[in-house]
Amino acid sequence: MKLGDPRVKQLVQENALALCIECGKCSASCPRMLTGKEYSPRILAHKLIAEPDSETYIENSVWECLTCGLCEERCPSGVEISQFILQMRTLLAGTKGLKGYRSHDGALHSWMRLMTAPGLKQNRLGWVGPELRVARTGKVAFFSGCAPYFDVFFTQIGVDTLAAARAAVRLLNFLDIVPVLLENERCCGHDLLWTGDRENFEALCRLNYQEFRAAGVEEVVVTCPECYQVLARFLPEVVPGSELKVTLLTDLLLREVSKGGVSFRPFVRRATYQDPCRLGRIPGGVETPRALLGSIPGLELKEMRNSGRSAVCCGNNAFINCDAYSKRVQVERLQEAKATRADLLVTACPKCMIHLTCAMRDPYRHGRLSLEVRDLATILADSIEWSRGDNAAEAVSR
Amino acid sequence: MASAPRNSPRTVDTSPPLSPAPPLSPPVVGTAAAGGTPSPTGFTTGVFPAAEPAAGSSAGKASTAIRLLGILCNWSPFACFNAAAMAHLELPPEYSFMRVMCIGRINQALILRAFEYGADGVILLECRDEDCRYGPGPEVGHSNVDRVRRLLHLLGIGQSRLVEKSFQAHEKEELVRTLWEFAAQIKALGPNPAKPPQERRSA
Ligand code: SF4
Ligand code: SF4
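Respectively, the protein sequence lines represent chains A and B.
Just so you know, the numbering used here puts 247 at position 257 of the first sequence, and the rest follows in order with no gaps.
Each position in the second sequence, counted from 1, maps to that position plus 345 in the numbering used here.
In isolation and in its complexed conformation, chain A is listed as follows (with noise of 0.2 Å):
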């Protein structure tokens, strides 16, 4: 891909990479560069606007970044580094074919581009039980994503993705809810949109769309931050017209708390809260798992060193590149977590949940890393109750 290339030129337009001062703050956060990767945003800036003939080093760049949009936080010039990763691997995914090291051999990234099969008939709701109840058309769905598949397949680290699904659905039964699960809904694609691979990454999308359509969907309920982002800001793009209404469940939730009537029994715990990339890049997406948290009785949440806006992604991002330098992030992640002394780590999207399940179990750690890790959704099913008229007021004030 030439520099000189209209399209990329376009690109480095459109996302203020000539705006870049070179200040360096993006490199001076990018986890990636600071576990010693032989990556960074600011040299990529800087080579894109003035060193046409760095080809070489800017096409293997690309595909290094975490896509975790830290250094985004912290540049003051508004220069898109991830957005413009995301549209560069499009690019070249497009003209070259994908690149980067696909973790697990790509089998994940298979099964999501099996989904975009019209005529699938997938059995995916297997986890349903008799306690949930659910409906198969209605106004508002529940969206659980690969969670069954993760089930299967990373089973052999003991990560339970499924327990979020359920715990989200007893969330929604609690206030009589009676959420749709789709039995043909498909992955959400970001995987597939964040390798580059947009043509399947948007049959997933239309094919999504269709099954909420015909389902009667109007609101999509999510837990992880991943399908949020994707059904609410991507999708659009690919279903012009849809009127589809994405909600993320702590949202929801958050909403019916400071109504007042619903408040949580006390969980008696120390704990820290990995925020997941995808969720604290959004509008109050720092802010409403903590207040959540906040609003059990007992717990106490123990901030990591980097926390909330400026915390540091899981290590991993759309099941590419996985190697040393993730594990390396990963294990100084942990090792914050650790220094909180707390003994239960909080995250609220499924991949947190599995690369630092995956990091702590590193043999040569001899178990220094492990920590109990649950998914939000779970903690707060667990303890939700209608309060008694009196605690309300003073749960939310918390």
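Worth flagging that the hints you see were computed from the coordinates, not collected in a lab.
Yeah, the Cβ is synthetic: ideal placement off N, Cα and C, and Gly gets one too.
Hints are all accurate, no fakes.
Listed next, the in silico SDA-like pairs over lysine to any residue satisfying Cα-Cα at most 25 Å (straight line):
1. A:Lys86 to B:Arg458
2. A:Lys86 to B:Leu455
3. A:Lys15 to A:Ser30
4. A:Lys111 to B:Tyr462
5. A:Lys111 to B:Arg412
Stretch-level coverage of chain B by chain A, calculated; a stretch enters the list once three of its residues show a Cβ under 8 Å from a Cβ in chain A:
6. 456 to 463
7. 487 to 501
8. 529 to 540
Got chain A sorted already, so can you dock chain B with the ligands onto it with the hints?
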């Protein structure tokens, strides 16, 4: 599956036990459709459940256009394969074969990718557990097959499109018969309903 008896039938073995004299004509398609056995995972093995019919209405002509992948371990199964070729035993034309040093080399991703690239069925031909040149090869194969089958079940592709079977080095007739049986079973099911659009286009 570790508790399963060694070399237990985990494949298309709903057919009657093999007779010593091997008739090498393709078996009747019906054999594979007779009753399934529930596996420890609670799924039906060996038979495509009635709830998952062959794609569309392509029962007739289209159902013969299938593509199968046979993955052969270099040792006992390849010895059988080689011997079968020397003996001019006929093999079903739907297969592409891939020879690997050990079935333990094959991971879940490679099996799934075969389906992603348009396979209608995949068969892993491996050594018996106790014969593996390297140690845990076939056991790795069992656990990969178990897990990919569960993914195939979720995807609605059907577990019976992925099977494994072990052989001793002298069992060339068994190998050939297994290949015919598997081909017949997949033909009866028709093409994989979950082919990605790119594969459907090229087909
Ligand atoms: S933080 Fe922004 S302005 Fe500073 S070097 Fe990075 S991209 Fe350029
Ligand atoms: S998005 Fe994250 S990984 Fe990528 S350049 Fe920015 S800080 Fe580094």
